[in-house]
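Participant: On the provided structure of chain A, position chain L as indicated by the hints.
Which chain is which? The protein sequence lines are A and L, in order.
Letter by letter, the first sequence follows residues 48 to 250 in the numbering used here.
Letter by letter, the second sequence follows residues 48 to 250 in the numbering used here.
Treat the hints with care, as some may be off.
Just so you know, same-sequence chains aren't split out, so a pair can sit in one copy or run between any two.
To be verified - Using 20 Å as the maximum straight-line C-alpha spacing, the simulated SDA-like pairs for lysine to any residue come out as follows:
#1 Lys-214 to Ser-146
#2 Lys-214 to Ala-204
#3 Lys-198 to Arg-219
Treat the hints as calculated values from the structure; they're not laboratory data.
Nothing here was measured: the structure is a model prediction, and the numbers come from that model.
Protein chains: 2
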Amino acid sequence: MNRVITIGREFGSGGRELGRRLAEALGMAYYDREIMTEIAKRTSLSERYINQVVERRPVPLLPITVGHTFSPVLDAAFEQNQAIYQEQRRLIQDLADRSDCVIVGRCADYVLRERRDLLSVFIHAPMEFRIQRAREVYEKDAANMEDFLRKKDKQRAAFYNYFSQNKWGDARHYHLSISSVYGVDYVVSILKDAALTFPGGAD
Amino acid sequence: MNRVITIGREFGSGGRELGRRLAEALGMAYYDREIMTEIAKRTSLSERYINQVVERRPVPLLPITVGHTFSPVLDAAFEQNQAIYQEQRRLIQDLADRSDCVIVGRCADYVLRERRDLLSVFIHAPMEFRIQRAREVYEKDAANMEDFLRKKDKQRAAFYNYFSQNKWGDARHYHLSISSVYGVDYVVSILKDAALTFPGGAD
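With the rest of the complex left out, here is chain A (with noise of 0.2 Å):
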């Protein structure tokens, strides 16, 4: 049996480094936009259409003519979005089984639920902390920073509660959630040490 870390984050949280930089240390297999490029692959769509559907709630709003069906374009869409989840799904089970990895976003920690060598993390970070580090890390205008925050968040809960029926954010559905507000360096060599000593699927 495998060991496999999910991570969840707040956007700006740092999440994505914490993840790149713990599979490092564990040694550990390592995905976020690669899986998007291997769904991209095997459903022949493209890439930045699939990023623009996990990004958000999979409303049927998205502008896409399917011409081989009667039903209407809405409810096509709708089940297009459906059918690129559940295409994910299948992709993030199959990682997962082939080896030891670390998985951010995408709702892997829900998609993955069931597995006994499960750790579920959740990154999150104070509204302060996140401007400061948006602003270093994507150079963007100040302006509005938190606008920005706050709508990126609430497209990743409407995702995540669309397809888990779980609430984003709440510390119940994770094993671990921990604030980056303290750095980077410190929550590293918390998950590593809580990954080392995880006693799930043990027997």
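Facilitator: What follows is chain L alone, placed relative to chain A:
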């Protein structure tokens, strides 16, 4: 500057045992019911009454008659609840100033939120785990145990949400949230590590 760890927890998750063992492992003072006793001494109210108040959201329905006021009884009871909370708040602040300590419950994380040496923790566990544990620890009948636990959680949430204006159990209000499903030893070890390497209040 001291080091202060606060622990919020779901009923039956083992948060209090964890807190006690963590304090022991770190050589820190430990407070939970002691705070209540101390408050009782200060305010000359019975400990039993105070426990009733702090376990529930203070709605103005408690059977208290206040002879020295012309306010309606409802307002008086409400003010009394507020007074107890304020007294408790001051005591928590005193205790945190006095020495390194672990404080379980009582909105301590919110009361001490401005301290830079604070590590606030939330302990939770799946319902099945808590039912099993509660049956062993409290020797209660299994019948209606789930209802009993949900009611207890509801009371804690109401009390916390009322006085803190935060949302009980939301990962984003705590530095670290962790499930006790993998055992007390595992969680104590992770929290000990987190406390010993904690960079808060370092400069």
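Participant: With reference to the structure, classify each hint as holding or not holding.
Facilitator: Hints and how they fare:
{"no.": "1", "hint": "Lys-214 to Ser-146", "verdict": "neither (28 Å within a copy, 37 Å between copies)"}
{"no.": "2", "hint": "Lys-214 to Ala-204", "verdict": "both (7 Å within a copy, 16 Å between copies)"}
{"no.": "3", "hint": "Lys-198 to Arg-219", "verdict": "between (23 Å within a copy, 16 Å between copies)"}
The structure shown violates just one earlier hint, number 1.
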